[in-house]
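Please build the complete structure, drawing on both the sequences and the hints.
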Amino acid sequence: MKPWLRWTALTCLVLALILVPFALWEDAITAFTARLLAPTAGRAVVASVVVLLLAADVLLPVPSSFVSAGAVALLGAVAGGVAVALGMTLGGWLGYVLGRWGGEPLAEKIAGTEQLARAREAMARHGRWLLLVCRGVPVLAEASTLLAGATRLTPARFAVATTLGNVGLACAYASIGVLELSGKSALLASFALGVAVPGAFLLAWRSLTPR
1 MKPWLRWTAL TCLVLALILV PFALWEDAIT AFTARLLAPT AGRAVVASVV VLLLAADVLL
61 PVPSSFVSAG AVALLGAVAG GVAVALGMTL GGWLGYVLGR WGGEPLAEKI AGTEQLARAR
121 EAMARHGRWL LLVCRGVPVL AEASTLLAGA TRLTPARFAV ATTLGNVGLA CAYASIGVLE
181 LSGKSALLAS FALGVAVPGA FLLAWRSLTP R
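So in the working numbering the end of the sequence shown lands on 211, straight run, no missing numbers.
Keep in mind the hints are simulated off the structure, nothing from the lab. A virtual CB, placed ideally from N, CA and C, is assigned to each residue, including glycine. Incorrect hints may appear among the rest.
[As the list claims (entries may be wrong)] Estimated spans, in silico, between C-beta atoms of each pair: (1) Ala-124 <-> Ala-28: 35 to 45 Å; (2) Ala-124 <-> Ala-16: 38 to 48 Å; (3) Ser-182 <-> Ala-34: 38 to 48 Å; (4) Ala-204 <-> Leu-13: 33 to 43 Å; (5) Arg-35 <-> Leu-5: 37 to 47 Å; (6) Thr-154 <-> Thr-113: 16 to 26 Å; (7) Gly-76 <-> Phe-191: 37 to 47 Å; (8) Ala-38 <-> Leu-13: 16 to 26 Å; (9) Ala-23 <-> Leu-106: 31 to 41 Å; (10) Leu-52 <-> Ala-159: 18 to 28 Å; (11) Val-97 <-> Phe-191: 23 to 33 Å; (12) Arg-35 <-> Gly-76: 13 to 23 Å.
And the structure:
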């Protein structure tokens, strides 16, 4: 099989693993999520639910935008933002571990050893930027963490990119909630705080540290 066909098959499989649960259980999990995030629940309970839901987003069709916005509305900008960042970070690491221990053997079987080695080289060069850009994009956010694990992106590089992106997105949700932004303003805040500012920080850090 040609390399591009192998990668197409692997990509379709990964996307299916993420999208099929959405098609089957999205409405049920959204309704369940709304019940869990009841305003009458205590702050500690709401914060715990937010963290657990966002951590499970890599496996289940959790409405992460709804959960994040609800966290800020119920807990406030600071506590809600911290819960969002923590939940997204745990979810990212869960995807990385799944990709490392389950995705790598599958990728090697479908794509082949040589193609997987090339993918590792590409991720070593560009993986941090891929993770950062995909952090706020549904489906791609989960798929990128699986890919990072399957290609053995170093934990340090993975941590830097995902932490910057998660903190930026948490700040974006907090800003949107506090300032009551909507439409283009909300999208601009999400891009600026979730991608542009973390990207600038990553560039600055890269210029100040050894190769």
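Cross-check of the supplied hints:
1. Checked against the hint of 35 to 45 Å, the C-beta distance between Ala-124 and Ala-28 comes to roughly 40 Å, which is consistent with it.
2. Restraint check, Ala-124 to Ala-16: a C-beta distance of roughly 27 Å breaks the suggested window 38 to 48 Å.
3. Between Ser-182 and Ala-34 the beta carbons are some 20 Å apart, a value that contradicts the proposed interval 38 to 48 Å.
4. At roughly 38 Å, the beta carbons of Ala-204 and Leu-13 sit within the given window of 33 to 43 Å.
5. About 44 Å separates the C-beta atoms of Arg-35 and Leu-5, a value consistent with the hinted range of 37 to 47 Å.
6. A C-beta distance of roughly 20 Å is found between Thr-154 and Thr-113, which places it inside the suggested range of 16 to 26 Å.
7. Distance hint for Gly-76 and Phe-191: a CB-CB separation of about 24 Å, inconsistent with the stated range 37 to 47 Å.
8. For Ala-38 and Leu-13, the Cβ-Cβ distance of about 37 Å falls outside the hinted range of 16 to 26 Å, so the restraint is violated.
9. For the pair Ala-23 and Leu-106, the beta carbons lie near 22 Å from each other, so the given range of 31 to 41 Å is not met.
10. In this structure the supplied range 18 to 28 Å holds for Leu-52 paired with Ala-159, their Cβ-Cβ distance being about 21 Å.
11. In this structure the supplied range 23 to 33 Å holds for Val-97 paired with Phe-191, their Cβ-Cβ distance being about 29 Å.
12. Checking the proposed 13 to 23 Å range against Arg-35 and Gly-76 shows it holds: the Cβ atoms sit about 21 Å from each other.
Hints 2, 3, 7, 8 and 9, counting from the list given before, are not met by this structure.
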